[in-house]
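Chemist: These protein sequence lines are chains A and B, in that order.
Under the working numbering, the first residue of the first sequence carries the number 1, and numbering increases by one thereafter.
Under the working numbering, the first residue of the second sequence carries the number 1, and numbering increases by one thereafter.
Simulated from the structure, these hints should not be mistaken for laboratory data.
All C-beta atoms in this analysis are idealised placements derived from N, C-alpha and C, irrespective of residue type, glycine included.
Don't take every hint at face value.
[What the hints assert, rightly or not] DSSO-like mimics (lysine-lysine), calculated; alpha carbons at most 27 Å apart, straight line:
1. B:K145 to A:K579
2. B:K18 to A:K470
3. A:K590 to B:K9
4. A:K296 to B:K9
5. A:K326 to B:K63
6. A:K25 to A:K46
7. A:K133 to A:K49
8. B:K18 to A:K296
9. A:K579 to B:K152
[What the hints assert, rightly or not] Some, not all, of what chain A presents toward chain B, calculated at C-beta under 7 Å:
10. C72
11. G120
12. A123
13. F125
14. G223
15. G302
16. D609
[As the list claims (entries may be wrong)] On the chain B side, residues computed to face chain A include the following (Cβ under 8 Å):
17. Y5
18. G16
19. G17
20. D20
21. Q27
22. C56
23. P69
24. T81
25. V85
26. D93
27. V117
28. G137
29. R142
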Amino acid sequence: MERLRSPVELEQLRLKILSQRKPEKPCISICGGTGCHAYGCEDVAKAFKNEIKRQGLSKQVELKVTGCHGFCERGPLMVLHPQKIFYQRVSSDDVSEIIAETVVKGNIIDRLLYVDPVSGEKAQFEKDVPFYKIQQRLVFGNNGLIDPTNIEDYLATGGYSALSQALFNMQPEEIIEEIKKSDLRGRGGGGFPTGRKWESCRNAPSSDGIRYVICNADEGDPGAYMDRSLLEGNPHSVLEGMVIGAYAVGAHDGYVYVRLEYPLALKNLGIALSQAREYGFLGQNILGSGFDFDVKISRGGGAFICGESTALMASLEGRVGEPRPKHIHTTLQGLYGKPTNLNNVETWANVPLIINRGAYSYSQIGTDGSKGTKIFSLVGKINNTGLVEVPMGITLKEIIYDIGGGIPHGKKFKAIQTGGPSGGCLPESLIDLPVDFDRLTEVGSMMGSGGMIVMDEGTCMVDIARYFVKFLTEESCGKCVPCREGLDRMLDILTDITEGKGKEGDIELLEELGNLLKEASLCALGTTASNPVLSTIKYFRSEYEAHIREKRCPAGVCKALITFTIDEEKCTGCGVCLKECPQQAISGEKKKPHTIDQSKCIRCGLCRDSCKFDAIIVV
Amino acid sequence: MVNDYEKVKAIVDRYGGKHDSVIAILQDVQSEYHYLPEHTLRAVASQLGLPLIQICGVATFFKAFSLKPRGEHTVTVCLGTACHVRGAPAVLDEVKRQLGIEPGNTTNDMRFTLETVNCLGACALGPIVVVDDEYHGQVSPRKVKKVLSKYKKTVRDRRHGEITVTS
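Model the full structure from these sequences, guided by the hints.
Modeler: Here you go:
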């Protein structure tokens, strides 16, 4: 492939690619995201490949392994285009039947359809599945259409047209103006206005003219994986955004800092980079515009703090990933002391969209202070785990119930945690809250990178606060005292409370420490670290009090405060738990109710797991 | 040792001996040895012309690096928030009990190293236990023994020189 040398050549290539494609040709799109991988989608894809060959259909049927489709709960997923017939929980055993019946004859296989657990209705097409129905998948939607290892798939969906528009029809200042007008705010957590950041970097003095752009793909919030899915599934959309941004701020070198635990993202991004170079979207004289820019990949070392911009830059320079005070912003002095513009993966992927649609059209989506869509990872105690892209301003209720399908096993909703370890837990009374940057901050949480962890009545809020504080204690770099020592003390207090050693005054001490951390910490990790504690105290104070005063864990989670007993009415004396117990703590005659010796019980839960009659009670 | 020095040199050279490549160099050294033996850290320091403390600083700061030898199989229990609320702590307790070690350690027979991770982004399958590259989803404390037994058998069979692995 010769490098493209002009916008005309790009459009000619696009026309050629499209003319070779037959929209009516059946195409099996298999989700190849990490979630579906874990379900075994690779075997399914292999089976399809072999079966297509075996039935002599190689010329008539196309097979595509794409990035994440989003509906992780029901993987492995497949969609048959052009009709968009949607099958879920597909296994290799289903493959020959799918080809023979659905692909060749057009018959629907009933058992592979999605059944809505609420209405009991079956959905034949992707668009009819309630999980997808009210989503607005502008950034994430092409994932299901693109083989991320094939740049031509991206070009076929209009890829790199925004770059061509930016390089040939817009001045750098005009691009910055357009991004400013769109009101795009950073999707990585801070929510800083992207256009202003770009402008500040462009205007920053640099003695040798060197500037950098960085893509922050060190997605460390537990329970959040939207950035990974974008990089895995549509890496060119991120790269296109980066090249436009580099042109706008005047940078010629870029970095993508990828979390080590994301091997597939690293692989697909690497392929995308070499293809982009080959086609002339990266390197010298991009599309014949005279603009030079290239990107290097840097693998993270597994430190949560490196998601913070100054720590990330220290790590890129080969140093320990410690943050520094930001009296001088990184847009003025960042990587190697040069003006540096850092944005998150999802932010970069929004850029081509804004250039293509225009800032005005983009800013029609969302709320006053938060424009566009946001991808959330909806996980935890929820029926439909997955990635959802919704317009800003949608309510928590719509996300949890209309898209997420509510709470499994008929349990009651208790809280939703947003914003990762820096965010807060919101109770049921706030379920009608519109989700945007400012509303979430007002109630003591934050947008963060977009993790949404749903919790039900079986989740202990003190335990959750302890979980996040423990996480942050381990990930605190230790440079500043409030964060290093403050988190340690908070963890001690919370551990005591969950172990039944809490005392009067502990809650107040936690509040005092929490507010101190907010005031005095060096970087955002410390200043937001107390959010999980303060928000759970604010909304679930009675649960703390039950632990401290009554030595009781109402949710039945904290091991030191619970006991396992056997319900005599329900126990059939089958003996399964007796065999399962590693402590020989259970005794009883066959066919007669068993009992647990509390002095031996270690509360491992094996008996509860093994009991088919729900006879093990935890109080 | 001489051989190791050459091995490390090849890796350092691959990155042009640049100081900002310390993390990438250590990652490659670790893929070679499965951990960072002390003499390789010394070799990296002397070849880059950096003080050993700087190399050790990086090697101990980032979680990806291990200064201790690792077992034949790595058992990783995901402790992401989604896995946590679905019962990952009880799963970890059971893995610890079965293997008799704390996270970050290796069994005396060098078969298993136990690790935890703060989210693998496959939350629909939580709680997740990954052994080497194999994902085990919706693991309960009760399933732990079964998950581990598969790998215990592999080792035993290998030791006795048997070819087949019984399930």
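Chemist: Hints first: check each against the structure and report whether it holds.
Modeler: How the hints compare with the structure:
no.	hint	verdict
1	B:K145 to A:K579	holds, 14 Å
2	B:K18 to A:K470	violated, 36 Å
3	A:K590 to B:K9	violated, 68 Å
4	A:K296 to B:K9	holds, 22 Å
5	A:K326 to B:K63	holds, 25 Å
6	A:K25 to A:K46	holds, 20 Å
7	A:K133 to A:K49	violated, 31 Å
8	B:K18 to A:K296	holds, 15 Å
9	A:K579 to B:K152	holds, 22 Å
10	C72	holds, 4 Å
11	G120	violated, 22 Å
12	A123	violated, 18 Å
13	F125	violated, 22 Å
14	G223	holds, 4 Å
15	G302	holds, 4 Å
16	D609	holds, 4 Å
17	Y5	violated, 21 Å
18	G16	violated, 12 Å
19	G17	violated, 12 Å
20	D20	holds, 4 Å
21	Q27	holds, 6 Å
22	C56	violated, 10 Å
23	P69	violated, 19 Å
24	T81	holds, 4 Å
25	V85	holds, 5 Å
26	D93	holds, 6 Å
27	V117	holds, 6 Å
28	G137	holds, 6 Å
29	R142	holds, 4 Å
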